[in-house]
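All chains should be built: construct the whole structure from the sequences, respecting the hints.
Under the working numbering, the first residue of the sequence shown is numbered 1, with each subsequent residue one higher.
Since the hints were made in silico from the structure, they are not lab data.
These figures come from a predicted structure and were not determined experimentally.
For every residue, glycine included, the Cβ atom is placed at its ideal position computed from N, Cα and C.
Treat the hints with caution; some may be incorrect.
[As the list claims (entries may be wrong)] Cβ-Cβ distance ranges computed for the label pairs, FRET-style:
1. THR149 <-> PRO339: 39 to 49 Å
2. ILE338 <-> GLU378: 16 to 26 Å
3. PHE209 <-> PRO270: 17 to 27 Å
4. PRO127 <-> SER359: 25 to 35 Å
5. GLY101 <-> THR376: 12 to 22 Å
6. THR102 <-> GLY213: 29 to 39 Å
7. PRO49 <-> VAL104: 31 to 41 Å
8. LEU271 <-> PRO295: 29 to 39 Å
9. THR149 <-> ARG54: 33 to 43 Å
10. PHE159 <-> GLY101: 30 to 40 Å
11. ASP200 <-> ARG301: 26 to 36 Å
12. ASP200 <-> GLU53: 14 to 24 Å
13. PRO127 <-> VAL104: 12 to 22 Å
14. GLY213 <-> PRO295: 18 to 28 Å
[Unchecked claim] With a cut-off of at most 20 Å between alpha-carbon atoms, the simulated SDA-like pairs for lysine to any residue come out as follows:
15. LYS332 <-> PRO356
16. LYS138 <-> HIS154
17. LYS138 <-> PRO155
18. LYS332 <-> PRO360
19. LYS332 <-> LEU280
20. LYS332 <-> ASN290
21. LYS332 <-> GLY163
22. LYS138 <-> SER119
23. LYS332 <-> ALA312
24. LYS138 <-> GLY109
25. LYS138 <-> VAL150
26. LYS138 <-> LEU90
27. LYS332 <-> ARG46
28. LYS332 <-> GLU302
29. LYS138 <-> PRO157
30. LYS332 <-> ALA273
31. LYS138 <-> GLY115
32. LYS332 <-> LEU352
33. LYS138 <-> GLY113
34. LYS332 <-> THR369
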Amino acid sequence: MREARSWTLSLTAVALIGCGPPTDRPLTERTDSAGIELVTSNVDDRPLPWRLERRIALGGAEEGPESFFRLPPGTVASDARGQIYVLDPLRHRVVVFTPDGTFVRSVGGEGAGPGELESPGALSVGPDGVLSVFDFGKGALVRFGPDGTVLPQHPLPFFPWTGPSRHFEVTSEGVLVSTMLPPAPEGMFHQALRLLGPADTVLVAERIFPRPGMVRYPTCGGGLNYPPIFEAQVVWAAHDRRIVAVDGPEYAFTLFEGARPIRKVRAGFPLRASSEALALAELGEGMTINFGRGPCRIPPREMVEGRGFAEAVPWIEAVMISPTDDIWIHRKGVGQEIPAAVDVFDRTGLYLGRLPEGSPFPLVFVDDTTFGAAETDEMDVTRLVLYRIAR
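Below, the structure written as structure tokens:
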């Protein structure tokens, strides 16, 4: 299988054309030699006249199909009928619900046989309704038909990386996989988003950064090789053939049709400088580990001194594409110092506005008016809460 490079997401500064009054239209500055639109959008924090109406919550039960209580990225998906799929890795299964929260079925079960799951990490539902679950134990996609029928599993040449975005996505053009490759000879890490097609493997986006060294933390007696706090990573989302990806700390993203970049959108915001105080705020009460003398909490200052922090706080923490191809951006917040926000753009890069402060960010879209968000209560139990978008 050969690998073709689609585009390296490196946005350089582009000067604004003119200094006229604000406009509701994105400013297309130029189209480069590769036919990619370079767009500067007027991100002016205008309020969106939308209401989010809370409907139902799934999860947090002591037993039964709703006995899941963690929802990391990549563990929730939906299909064309609006059915909701939730991976419950502790019980080695996927539970399926209707759009109104009615339980439909569960698939999987612990084991190494066909349709069984050893160490499930993420899931995706393709345009054909086929459910795929990546199993780290099998190194393959364990697959189920729309009715739950067990299908032949599909091996992957790359293990998906368990980062801040979805781990993989099945699209009409292949399997989109986020990977963290081994360190380069120069001691660098290479994070890459690849589209595994029938004939080619196409590099969609990448970010290369120094390999972090192993740091020991005396309080807990363990070692970690985490990157610096605020180190930017490739953040992405996909909806069928549409992909949106971010590869740096700037407020900028690139839109793709398949693996072909078609539009780069940026806001004219300066980089946000980081500081030790912000790094401490980011860590909150510290980090709990379960090795060494674990379970044990590493104090935030010890973590900051060990890991250090990047020069800039990334603007974008997460992205999503709605069924209508709107782009949802989750602006990263840091403690009480930097508030988070949810921005929405249309497919052309036009800034539609910002949702009210404190609005949830979608983990999954059920249809064009409903999404699910992860919400954690005071007991540290996370549920999937469905919201209706009243426009």
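How the hints compare with the structure:
no., hint, verdict
1, THR149 <-> PRO339: 39 to 49 Å, "holds, 47 Å"
2, ILE338 <-> GLU378: 16 to 26 Å, "holds, 24 Å"
3, PHE209 <-> PRO270: 17 to 27 Å, "holds, 21 Å"
4, PRO127 <-> SER359: 25 to 35 Å, "holds, 29 Å"
5, GLY101 <-> THR376: 12 to 22 Å, "holds, 19 Å"
6, THR102 <-> GLY213: 29 to 39 Å, "violated, 51 Å"
7, PRO49 <-> VAL104: 31 to 41 Å, "holds, 35 Å"
8, LEU271 <-> PRO295: 29 to 39 Å, "holds, 37 Å"
9, THR149 <-> ARG54: 33 to 43 Å, "holds, 35 Å"
10, PHE159 <-> GLY101: 30 to 40 Å, "holds, 33 Å"
11, ASP200 <-> ARG301: 26 to 36 Å, "violated, 48 Å"
12, ASP200 <-> GLU53: 14 to 24 Å, "violated, 44 Å"
13, PRO127 <-> VAL104: 12 to 22 Å, "holds, 19 Å"
14, GLY213 <-> PRO295: 18 to 28 Å, "holds, 24 Å"
15, LYS332 <-> PRO356, "holds, 15 Å"
16, LYS138 <-> HIS154, "holds, 10 Å"
17, LYS138 <-> PRO155, "holds, 8 Å"
18, LYS332 <-> PRO360, "holds, 13 Å"
19, LYS332 <-> LEU280, "holds, 15 Å"
20, LYS332 <-> ASN290, "violated, 27 Å"
21, LYS332 <-> GLY163, "holds, 15 Å"
22, LYS138 <-> SER119, "holds, 8 Å"
23, LYS332 <-> ALA312, "holds, 12 Å"
24, LYS138 <-> GLY109, "holds, 14 Å"
25, LYS138 <-> VAL150, "holds, 15 Å"
26, LYS138 <-> LEU90, "holds, 16 Å"
27, LYS332 <-> ARG46, "holds, 18 Å"
28, LYS332 <-> GLU302, "violated, 23 Å"
29, LYS138 <-> PRO157, "holds, 12 Å"
30, LYS332 <-> ALA273, "holds, 13 Å"
31, LYS138 <-> GLY115, "holds, 11 Å"
32, LYS332 <-> LEU352, "holds, 19 Å"
33, LYS138 <-> GLY113, "holds, 10 Å"
34, LYS332 <-> THR369, "violated, 24 Å"
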